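Generate coordinates for the entire structure from the input sequences, incorporating the hints supplied.
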Amino acid sequence: MLCIFDLDGTLVDSLEDLAEATEYALAQCGYPGHPLDAYKYFVGNGVKKLIERALGASHINDYARARAYFDAYYTEHCLDHTKAYPDMYPQLEKLLAQGNTLAVFTNKPDALAKKVIQACYPLPFQFVQGQTDQYPVKPDPAFLEAYFTSHGRESAVFIGDSNVDIETGKCAGLKTIGVTWGNRLESELREAGADAICHQPQEIVWTIGAWR
Numbered sequence: 514m515l516c517i518f519d520l521d522g523t524l525v526d527s528l529e530d531l532a533e534a535t536e537y538a539l540a541q542c543g544y545p546g547h548p549l550d551a552y553k554y555f556v557g558n559g560v561k562k563l564i565e566r567a568l569g570a571s572h573i574n575d576y577a578r579a580r581a582y583f584d585a586y587y588t589e590h591c592l593d594h595t596k597a598y599p600d601m602y603p604q605l606e607k608l609l610a611q612g613n614t615l616a617v618f619t620n621k622p623d624a625l626a627k628k629v630i631q632a633c634y635p636l637p638f639q640f641v642q643g644q645t646d647q648y649p650v651k652p653d654p655a656f657l658e659a660y661f662t663s664h665g666r667e668s669a670v671f672i673g674d675s676n677v678d679i680e681t682g683k684c685a686g687l688k689t690i691g692v693t694w695g696n697r698l699e700s701e702l703r704e705a706g707a708d709a710i711c712h713q714p715q716e717i718v719w720t721i722g723a724w725r
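Heads up: the sequence shown begins at 514 in my numbering, then just goes up one per residue.
Heads up, a few of these hints could be off.
[Stated by the list, open to error] Capping the alpha-carbon separation at 27 Å, the derived lysine-lysine pairs in DSS-like fashion look like this: (1) K627 x K561; (2) K553 x K596; (3) K562 x K683; (4) K596 x K562; (5) K553 x K688; (6) K607 x K688; (7) K628 x K561.
[As the list claims (entries may be wrong)] Between beta-carbon pairs, the in silico distance windows are: (8) D708 x D653: 18 to 28 Å; (9) E589 x G686: 36 to 46 Å; (10) T645 x R578: 19 to 29 Å; (11) A659 x K561: 14 to 24 Å; (12) D646 x Q611: 32 to 42 Å; (13) I710 x E658: 23 to 33 Å; (14) Q611 x C684: 43 to 53 Å; (15) T645 x G686: 39 to 49 Å; (16) T588 x L636: 15 to 25 Å; (17) H712 x H572: 36 to 46 Å; (18) T645 x P545: 30 to 40 Å; (19) E716 x R578: 24 to 34 Å; (20) T588 x Q611: 31 to 41 Å.
It should be emphasised that the hints constitute simulated quantities derived from the structure, not laboratory data. Model, not experiment: these values are computed from the prediction. Beta carbons are placed, not taken as given, at the ideal position from N, Cα and C, and that holds for glycine.
Right, here's the structure in full:
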């Protein structure tokens, strides 16, 4: 089975680095910041939405300037605090050992997504696809549809920590697993219609094993 993972909040705890980069951008633009917990709901739809949400409607016209500060800072500091979630790495190894393939589809900018994966998960991935100008961000399934068109349709599951991820999987016609150790609440995952909910990484292995 092809196991497609979200990145931020699913494979890696990256909230602090994303928040610090955004706080830096806001400060450089002369705007007040936000508490760390606020960023749990700012993230998930890509950097553009993250910055727009942090700026707020009254300062949205300053997006381009804030984005430039964010990009400069985050490119250099995206691994300051970011780390793999406990026990996730060995569970991915188990999935591979059981004959599954791994992939990542994230709204993080593509080059940075690959950088984070290389640092935290030096494992064989079928693909690591971040945000590019070629495809719209999740939950639009355009990238996944293009992938399946060129590589052939196969049994697959999408795993993530937010409604964006569950919607992405459903739009692509995939089974979906919501994980509760990320940035969003279990209730959000259930309301989005996740096929399964996992509270710890080993439950992903059990769930996928039962579906194979």
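Numbers of the earlier hints that this structure fails to satisfy, in rising order: Violated hints: 14, 15, 19; rest satisfied.
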